[in-house]
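Just so you know, the sequences run in chain order R and B. Going by the working numbering, the first residue of the first sequence is number 60, and it counts up by one from there. Going by the working numbering, the first residue of the second sequence is number 333, and it counts up by one from there.
Think of the hints as simulated: they come from the structure by calculation, not from any bench. Heads up, the beta-carbon is just placed ideally off N, CA and C, and yes, glycines get one too. Misleading hints may appear alongside valid ones.
Unchecked claim - Output of the computed footprint for chain R on chain B, the stretches with three or more beta carbons under 8 Å from beta carbons of chain R:
no.: 1; region: 446–455
no.: 2; region: 572–582
no.: 3; region: 611–621
Stated by the list, open to error - Cβ-Cβ distance ranges computed for the label pairs, FRET-style:
no.: 4; chain 1: R; residue 1: Glu-287; chain 2: B; residue 2: Glu-525; range: 32 to 42 Å
no.: 5; chain 1: B; residue 1: Thr-468; chain 2: R; residue 2: Tyr-188; range: 20 to 30 Å
no.: 6; chain 1: B; residue 1: Val-460; chain 2: R; residue 2: Ala-221; range: 34 to 44 Å
no.: 7; chain 1: R; residue 1: Gln-189; chain 2: B; residue 2: Gly-457; range: 29 to 39 Å
no.: 8; chain 1: B; residue 1: Val-639; chain 2: R; residue 2: Leu-325; range: 52 to 62 Å
no.: 9; chain 1: R; residue 1: Ala-342; chain 2: B; residue 2: Arg-510; range: 33 to 43 Å
no.: 10; chain 1: B; residue 1: Tyr-338; chain 2: R; residue 2: Leu-140; range: 47 to 57 Å
no.: 11; chain 1: R; residue 1: Leu-140; chain 2: B; residue 2: Ser-514; range: 49 to 59 Å
no.: 12; chain 1: R; residue 1: Gly-181; chain 2: B; residue 2: Met-516; range: 49 to 59 Å
Claimed, not checked - Residues of chain R placed beyond 10 Å of chain B at every Cβ, according to the derived structure:
no.: 13; residue: Gly-213
no.: 14; residue: Lys-233
no.: 15; residue: Ile-250
no.: 16; residue: Asn-251
no.: 17; residue: Thr-257
no.: 18; residue: Val-258
Spelled out from the first residue to the last, the chains are:
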Amino acid sequence: MLTLTAILVDGVVYASWLFVVAIGLTLIYGVMNILNIAHGSLYALGAYAAAWAVGEYFAAGYPPFGSFAVLLLAAIAVGLLFGLVIERGVLKWMYGRDEIVIVLVTYAVFLILEDVMKLVWGVESYMPYQPRYLLGNVDIGGLPFVVYDLALVGLAVVVGGAVWFGINRTRPGKLLHAVIFDREIARAMGINVTRVFTVTFVIGAVLGALGGAFTAPLISVVPGIGVEVIVLAFAVVVTGGLGSIEGAAVGALIVGLGRATAVHLLPQVELFVVFGVMTLVLALRPQGLFGRTVVRKI
Amino acid sequence: MTRADYTVPGLTGALLALLAVHPFLPGWALNTIGLSLAVGLVVLGMLVLKRAGLVSFGQGLYFGLGGYGAAMAGVFLGVTDFFLLCLFGVLAAGLVAFVLGFLLSRYRGIFFAMLSLAFSMILYGLLVNSAALGSTDGFGVAPPTYLGYDTGGGSRLGFLLYGLTCLLSFGCAVAVHRYLASTMGYIGEGIRENEVRVEYLGTSVRRAIHVKYVMAAALAGLGGVLTVLFIGHVTPDDTVYWTRSGEFVFVTILSGTGNVAAPFLGAILFELIRTYALQYAPNFWQMLLGSTLLLVILFLPGGLWSVGRLIRGRRHGGA
Numbered sequence: 060m061l062t063l064t065a066i067l068v069d070g071v072v073y074a075s076w077l078f079v080v081a082i083g084l085t086l087i088y089g090v091m092n093i094l095n096i097a098h099g100s101l102y103a104l105g106a107y108a109a110a111w112a113v114g115e116y117f118a119a120g121y122p123p124f125g126s127f128a129v130l131l132l133a134a135i136a137v138g139l140l141f142g143l144v145i146e147r148g149v150l151k152w153m154y155g156r157d158e159i160v161i162v163l164v165t166y167a168v169f170l171i172l173e174d175v176m177k178l179v180w181g182v183e184s185y186m187p188y189q190p191r192y193l194l195g196n197v198d199i200g201g202l203p204f205v206v207y208d209l210a211l212v213g214l215a216v217v218v219g220g221a222v223w224f225g226i227n228r229t230r231p232g233k234l235l236h237a238v239i240f241d242r243e244i245a246r247a248m249g250i251n252v253t254r255v256f257t258v259t260f261v262i263g264a265v266l267g268a269l270g271g272a273f274t275a276p277l278i279s280v281v282p283g284i285g286v287e288v289i290v291l292a293f294a295v296v297v298t299g300g301l302g303s304i305e306g307a308a309v310g311a312l313i314v315g316l317g318r319a320t321a322v323h324l325l326p327q328v329e330l331f332v333v334f335g336v337m338t339l340v341l342a343l344r345p346q347g348l349f350g351r352t353v354v355r356k357i
Numbered sequence: 333m334t335r336a337d338y339t340v341p342g343l344t345g346a347l348l349a350l351l352a353v354h355p356f357l358p359g360w361a362l363n364t365i366g367l368s369l370a371v372g373l374v375v376l377g378m379l380v381l382k383r384a385g386l387v388s389f390g391q392g393l394y395f396g397l398g399g400y401g402a403a404m405a406g407v408f409l410g411v412t413d414f415f416l417l418c419l420f421g422v423l424a425a426g427l428v429a430f431v432l433g434f435l436l437s438r439y440r441g442i443f444f445a446m447l448s449l450a451f452s453m454i455l456y457g458l459l460v461n462s463a464a465l466g467s468t469d470g471f472g473v474a475p476p477t478y479l480g481y482d483t484g485g486g487s488r489l490g491f492l493l494y495g496l497t498c499l500l501s502f503g504c505a506v507a508v509h510r511y512l513a514s515t516m517g518y519i520g521e522g523i524r525e526n527e528v529r530v531e532y533l534g535t536s537v538r539r540a541i542h543v544k545y546v547m548a549a550a551l552a553g554l555g556g557v558l559t560v561l562f563i564g565h566v567t568p569d570d571t572v573y574w575t576r577s578g579e580f581v582f583v584t585i586l587s588g589t590g591n592v593a594a595p596f597l598g599a600i601l602f603e604l605i606r607t608y609a610l611q612y613a614p615n616f617w618q619m620l621l622g623s624t625l626l627l628v629i630l631f632l633p634g635g636l637w638s639v640g641r642l643i644r645g646r647r648h649g650g651a
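Extracted from the complex, chain R is given alone in its bound form (with noise of 0.2 Å):
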């Protein structure tokens, strides 16, 4: 019973992370079919701008509660800042070239990004464990969690819902889904499809920087963070298919969950779970869970 219930919520404190980082990821794909490699750069950038904010708010003595605002604000600094210039200064010039230039196009850009992060913050680690700390602990069927980790279930929701809301029941969602269903077309009937594409990398990159934000009094933040992390977000966003929002909660949920069996009960079998998922869901169903099947042109 006790090993069920951990099971159950680390599992879903997982998903729920894997949710928060993946879903920009899954928002960029669907929107401008680019697979942004740098979006580990941009999750390694939010966690070491929140890492060095919460380190000087905390040096300065204000109020303590105030560092949840500095982690959002750090993120969403980092995700306007770099997702311009990414977008504006560099895939700008490559649309219409083809899928696998573009990845290594993001890949070029993600290699540039780490080395930046070496000189602006250093090749030392960074701990900011204190907003996780703030929150205390609360016990769940007899055992203690940190209020911190299922507080990110909350931000999964919370996020999630923001773009589904904003895709499904707004105006620019509906300009989205034109672009999405077909771009030459959307162009025609006076979308500005520019101004949509900047718009969608920017929020993606805001995204996958919160996710790293509030991922970073978790761990310590050293360089090199972002690589497994834009390797977890695709195997998750492959399993629920790319491109499709709620594919990316089935498939952090499928993952986590998964993971965290592997965790309690076999831990040997940890590292092979997030993949043996992908591949089984892929050998069965090749467009993901969510996925649209694209027809073959002759």
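Based on these hints, arrange chain B on the given structure of chain R.
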């Protein structure tokens, strides 16, 4: 017929030149050439895949399997013969590629790229967690013997290892050149252009990609064995880690797929720049790679190999 093909005579000339300069070059230059040729072999395999429109972000998986395969054969089985070590490394890489190929040959584009990255990260995780293999420190590899001839554990830069590396690179380059000029080779280009039509022509695209994938893995494995023998040490960070795979992608794009000689030229240029960059600006290395990658993609889509053609085209006033 288009222009005459000077590839094989050119490669033969390069081989003879490389063998002839051995007594005159200092140790660091021999080492750089040897390591470059090893990287060139990996990239040669990626060229075969790239011709079919596929880019692997995880070729370090096979580079590492080759390196660890040979190193483990040396330490645990007591094998010291150079040719047996090569065989072990290539078999380790080839067998794993044969199994994974059943899955990966179903995917193209970003899926192929990211799945190969994922598999390389699994191996990295396994190696880092295995204390018996020295975890992140790796372990040392004894200098090889050659068909019973023992160099006495002297310098790794003696003529045998260097010469055999040159010879093996030459052999692989010529073999891949022949392959690319065969029907199966041209099918790769067909797959890149339009794979549904290739299916209609009566070929199994999946089987063709599977074969190319195993070929690329075997070449990467051989490159891994040679690198480990040159360095005398194997670690997960130098072989399997994504940064290594990233460097292979970089050299592939930098070299271009115009000719089998391109990967080796690109690799030599890459190793030379790396020698200096790591010495003078270690924290700018990836930035340098990324920026160069962007510039090549934007302004030189055919890679280094297309420079010659660009100059020729300009001289003749043609496009």
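A quick look at each hint next to the structure:
Check on the region 446–455 of chain B: 6 of its residues sit with their Cβ under 8 Å from a Cβ of chain R, so the three-residue criterion for coverage holds. For the region 572–582 of chain B, the stated coverage by chain R is satisfied: 3 residues place a CB nearer than 8 Å to a CB of that chain, which reaches the threshold of 3. Residues of the region 611–621 of chain B with a Cβ under 8 Å from some Cβ of chain R number 6, which satisfies the need for three, so the listed coverage holds. At about 35 Å, the beta-carbon gap between Glu-287 (chain R) and Glu-525 (chain B) stays in the expected band of 32 to 42 Å.
As the Cβ distance of Thr-468 (chain B) to Tyr-188 (chain R) is approximately 25 Å, the hint placing it in 20 to 30 Å holds. For Val-460 (chain B) and Ala-221 (chain R), the hinted distance range of 34 to 44 Å is satisfied, since their beta carbons lie about 38 Å from each other. Take Gln-189 (chain R) and Gly-457 (chain B): their Cβ atoms lie about 30 Å apart, and the range 29 to 39 Å holds. In this structure the supplied range 52 to 62 Å holds for Val-639 (chain B) paired with Leu-325 (chain R), their Cβ-Cβ distance being about 54 Å.
Taken as a hint, the range 33 to 43 Å holds for the pair Ala-342 (chain R) and Arg-510 (chain B), whose Cβ atoms sit roughly 35 Å apart. About 51 Å separates the C-beta atoms of Tyr-338 (chain B) and Leu-140 (chain R), a value consistent with the hinted range of 47 to 57 Å. Restraint check, Leu-140 (chain R) to Ser-514 (chain B): a C-beta distance of roughly 52 Å satisfies the suggested window 49 to 59 Å. Taking 49 to 59 Å as the suggested C-beta distance range, the pair Gly-181 (chain R) and Met-516 (chain B) conforms, at roughly 51 Å.
The Cβ of Gly-213 (chain R) lies farther than 10 Å from every Cβ of chain B, with a closest approach of about 30 Å, so its non-interface assignment holds. No Cβ of chain B comes within 10 Å of the Cβ of Lys-233 (chain R); the nearest lies about 28 Å off, and the non-interface call holds. Once the 10 Å rule is applied to beta carbons, Ile-250 (chain R) is consistent with being away from chain B; the minimum gap is 26 Å. No Cβ of chain B comes within 10 Å of the Cβ of Asn-251 (chain R); the nearest lies about 25 Å off, and the non-interface call holds.
Interface exclusion of Thr-257 (chain R) from chain B stands, the closest Cβ pair being 19 Å apart, more than 10 Å. In this structure Val-258 (chain R) is separated from chain B by more than 10 Å, as the shortest Cβ-Cβ distance comes to about 23 Å.
Of the numbered hints given earlier, the model fails none.
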